[in-house]
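Working from the sequences, and respecting the hints, build out all of it.
The numbering used here puts the sequence shown at residues 1 to 295.
Bear in mind the hints are in silico, worked out from the structure with no lab data behind them.
Bear in mind that the values here come from a model prediction, so they are computed numbers and not experimental data.
Idealized CB from N, CA, C, for every residue including glycine.
Keep in mind that a hint or two might mislead.
As the list claims (entries may be wrong) - Listed next, the in silico DSSO-like pairs over lysine-lysine satisfying Cα-Cα at most 27 Å (straight line):
| # | residue 1 | residue 2 |
| --- | --- | --- |
| 1 | Lys16 | Lys57 |
| 2 | Lys59 | Lys8 |
| 3 | Lys61 | Lys83 |
| 4 | Lys59 | Lys16 |
| 5 | Lys131 | Lys83 |
| 6 | Lys8 | Lys39 |
| 7 | Lys31 | Lys16 |
| 8 | Lys194 | Lys61 |
| 9 | Lys8 | Lys55 |
| 10 | Lys171 | Lys157 |
| 11 | Lys16 | Lys61 |
| 12 | Lys194 | Lys57 |
| 13 | Lys61 | Lys141 |
| 14 | Lys194 | Lys16 |
Claimed, not checked - The calculated label-pair distances, taken between Cβ atoms and stated as ranges, are:
| # | residue 1 | residue 2 | range |
| --- | --- | --- | --- |
| 15 | Gln203 | Met159 | 20 to 26 Å |
| 16 | Ala74 | Glu53 | 39 to 45 Å |
| 17 | Ser19 | Met159 | 32 to 38 Å |
| 18 | Thr79 | Met159 | 15 to 21 Å |
| 19 | Ala115 | Ile50 | 34 to 40 Å |
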Amino acid sequence: LSPPALTKVSSVTLAKYISGLQIWHMMHNAKYPYASKCKVATFLRSSAYIDAESKSKPKKKAVMIRQLVMITNAWINGTEFQKALLDLCLVAFWGVARLGELTYNDRVGPLCQSASVLVGDVEFWETGTSKRAILQVRGAKTASPGEVQTINLANMKTMLCPILALERRIKNAQRRDASLFGYWEGETRIHITKPMACRALSQFWNNNGCSGISGHSFRVGGTSFLHSMGSPLSANPVDGPQTASNSTSALIPRKKRKTKLRFSGNFTNAGPSNRRSYYVTPIEMNIPPHYENLI
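Encoded structure:
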């Protein structure tokens, strides 16, 4: 056997490992060598200078509109799993959501109500010719325990419409207490887990020459596209339940913001003054020439 390859570890990663060791000692009532804590802290501070000189990680690739069209054409008439995963991807892109927020902990069996997206978490309403939806998300990465975040979406006249994706999932589920992003195998409801989604997506991207795209790429792609389209903020409040949101400020090249935002398209400010949620209005798919690199 060949010796294992040497890989560099940053001081941030080492600090996380050391914190984990401290927690392990605490939970097992074991004595932690606190006498060496100052020495370890000195080593970590010193190695931070080396980290600053090393190359930073490459930014995560974004899913482009053309790739969203590619996966839609391939899976719109595919297997039940592919159709369910496609609808999940469309909602994740336009809702700027993480796959982990829309997927489930277990493939089959009862769902954890505090960390699952159910059919009953979708609410539709219409204003004029526009149909809109609110999707309540529990157990989001940036949410406090018990906090419910919202993804606000509206219809658009394309095959990438997130409203149509939600309607297809609701029609498939048939019950309000069923998983929204799931499918049936006989009498068994299959819930899409994050590993299931990531494996299928990675295989699809690699087979179609789009390697390097991860599950997080839908969130990055949705943020980049909507920001580059110059979606303006509106002062009109949004009807319906609005709660906290998470930050996408790290995904767009703009000045730092003190307020954390969840971008979901053309926006409407709503919710408490110290937190914001945004509402998606229909987006016309006539893309200006200087946005071609996003398509």
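Consistency of the hints with the structure:
no. : hint                         : in the structure
1   : Lys16 to Lys57               : holds (18 Å)
2   : Lys59 to Lys8                : holds (19 Å)
3   : Lys61 to Lys83               : holds (24 Å)
4   : Lys59 to Lys16               : holds (22 Å)
5   : Lys131 to Lys83              : holds (22 Å)
6   : Lys8 to Lys39                : holds (21 Å)
7   : Lys31 to Lys16               : holds (19 Å)
8   : Lys194 to Lys61              : holds (18 Å)
9   : Lys8 to Lys55                : holds (11 Å)
10  : Lys171 to Lys157             : holds (20 Å)
11  : Lys16 to Lys61               : holds (26 Å)
12  : Lys194 to Lys57              : holds (23 Å)
13  : Lys61 to Lys141              : holds (20 Å)
14  : Lys194 to Lys16              : holds (24 Å)
15  : Gln203 to Met159: 20 to 26 Å : holds (22 Å)
16  : Ala74 to Glu53: 39 to 45 Å   : holds (44 Å)
17  : Ser19 to Met159: 32 to 38 Å  : violated (47 Å)
18  : Thr79 to Met159: 15 to 21 Å  : holds (18 Å)
19  : Ala115 to Ile50: 34 to 40 Å  : holds (39 Å)
When held up to the earlier numbered hints, the structure conflicts with hint 17 and nothing else.
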